[in-house]
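Peer 1: Here is how the chains run, residue by residue.
There are 2 protein chains.
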Amino acid sequence: MNGRYRNGVRVGIIDGTTIAQSIRDDVAQKIKVFRAQYPQFQPQLVVVQAGECPDSTTYIRMKAKAAEEVGIKFNHVTFPETAMAEEIIQVVKKLSDDDAVGGVHVQLPLGPNVNADDTRAVTEAVSPEKDVDGFHAYNIGHLSLRAASPLFVPCTPAAVIRLLENTGVSIAGANTVVLGRSDIVGNPVAALLRSRNATVTQCHSRTKNVEQIIANWQITVANSSLGNK
Amino acid sequence: MNGRYRNGVRVGIIDGTTIAQSIRDDVAQKIKVFRAQYPQFQPQLVVVQAGECPDSTTYIRMKAKAAEEVGIKFNHVTFPETAMAEEIIQVVKKLSDDDAVGGVHVQLPLGPNVNADDTRAVTEAVSPEKDVDGFHAYNIGHLSLRAASPLFVPCTPAAVIRLLENTGVSIAGANTVVLGRSDIVGNPVAALLRSRNATVTQCHSRTKNVEQIIANWQITVANSSLGNK
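Chains as they are written, first to last, in our numbering: chain A, 19 to 247; chain B, 19 to 247.
Worth flagging that the hints you see were computed from the coordinates, not collected in a lab. Mixed in with the good hints, there may be bad ones.
Same chains, same label: a pair holds when it works inside one copy or across any pair of copies.
Claimed, not checked - As a list, the in silico SDA-like pairs of lysine to any residue whose alpha-carbon atoms are at most 25 Å apart:
#1 Lys112 - Glu147
#2 Lys111 - Glu147
#3 Lys91 - Ile41
#4 Lys83 - Gln39
#5 Lys91 - Cys71
Sequences and hints are given; from them, build the entire structure.
Peer 2: Below, the structure is given as structure tokens:
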């Protein structure tokens, strides 16, 4: 982290682009070494999308580019926006059973016909061993266990920790605040900080005196507003 | 809670015995009503024990008594203290597959030949649908999800919440401290408080200024010392 000071507090910009590139270089190298030994092995990631939500399409394009760069075969399975959970689940299960597929990633949201409960059912149709999102209850459970050994960790929380660690800030023993308790950011970030020996206070839309709590703690992880969290 | 005051702070004794009796009465009544409609249905709980740790034996005797009182058939499967994880797993899987068994409870610890990883494997040999302890990663995962809908909740944390609710203290919006981050108490209590809209700070052996944190918060859940937590 670049060290500048403002009002006596060190402020810095974390260079995520460079860190991301070093992660991709590392993955590419590992795949190369592994394939030199097992040439018939071809890692493959399949992304499942329903509809064409522009944000999702952009994310998927970026994932495809990153996969290609590191030597992971990328496959994109699309459903119309009107798809029902049952048909998506059927395909997700088939992909989970396919030995040629190493990772199954369901891009959320899944369209207007798939409500929250159905989305959970689709998420859990992914085999925990191929759940690259780390969203299966089995992996979330292992993330919150004291031994913290999930097969996969959700990517945004994992990135938050990686970026924090890169600053040189000490997480162990720090008093930290996590704003939000969503399944994709707040809750897993809190679990990851806790397993790294931070003391975690988790704030959300029902928390009183958030400003005061933040002022007294050393690390704050925020993810947009708390309005609907 | 009986309302007495000491130094201006209300202190009270929560009458757990009476609450426990009312829960057993409620369960007994539900089973009676259900069995009047489905006489062939006989709920059955099986407890699996390895060795004869005196605490475990006492707990199991109390569970057997409570089960008998409410009309749940109780079965006790025992292994010698020297049992290996593999043989226990085999029996646990068989019980999980047995339609006559409604709940499988593995009494911990499992003896000197079963380490932490093996204990986790035994725990996950229980089908999530019969995991009355709520210790399977699948149920722990659902407990930590925002929608918080595990099939079973670990009993001590569930009791903590029930006792707290019984005091009339408002959990939603309260600033709470949980001391400890064990899988059987601290972590699930924190998840339960969070899902009831409390703001939770979780303290553990690496937390600095625990006294100060407790002094500022409204509800503290403590479970013995923090020495090894």
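Peer 1: Should Lys83 paired with Gln39 be assigned to within, between, both, or neither, using CA atoms and 25 Å as the limit?
Peer 2: The answer is within: 12 Å in one copy meets 25 Å, while 61 Å across copies does not.
Peer 1: Checking an output row: Lys91 and Cys71, CA cutoff 25 Å. Within, between, both or neither?
Peer 2: Classified as within: same-chain Cα gap 23 Å, cross-chain 53 Å, threshold 25 Å.
Peer 1: How would you label the pair Lys111, Glu147 (within, between, both, or neither) given a Cα cut-off of 25 Å?
Peer 2: So Lys111 and Glu147 pass the 25 Å test inside a copy (12 Å) and across (21 Å) alike.
Peer 1: With identical chains, the pair Lys112 and Glu147 could be close in the same copy or across copies; at 25 Å between alpha carbons, which is it: within, between, both, or neither?
Peer 2: both (14 Å within a copy, 24 Å between copies)
Peer 1: Given a CA cutoff of 25 Å, do Lys91 and Ile41 count as a within-copy pair, a between-copy pair, both, or neither?
Peer 2: within (18 Å within a copy, 55 Å between copies)
The structure shown violates none of the earlier numbered hints.
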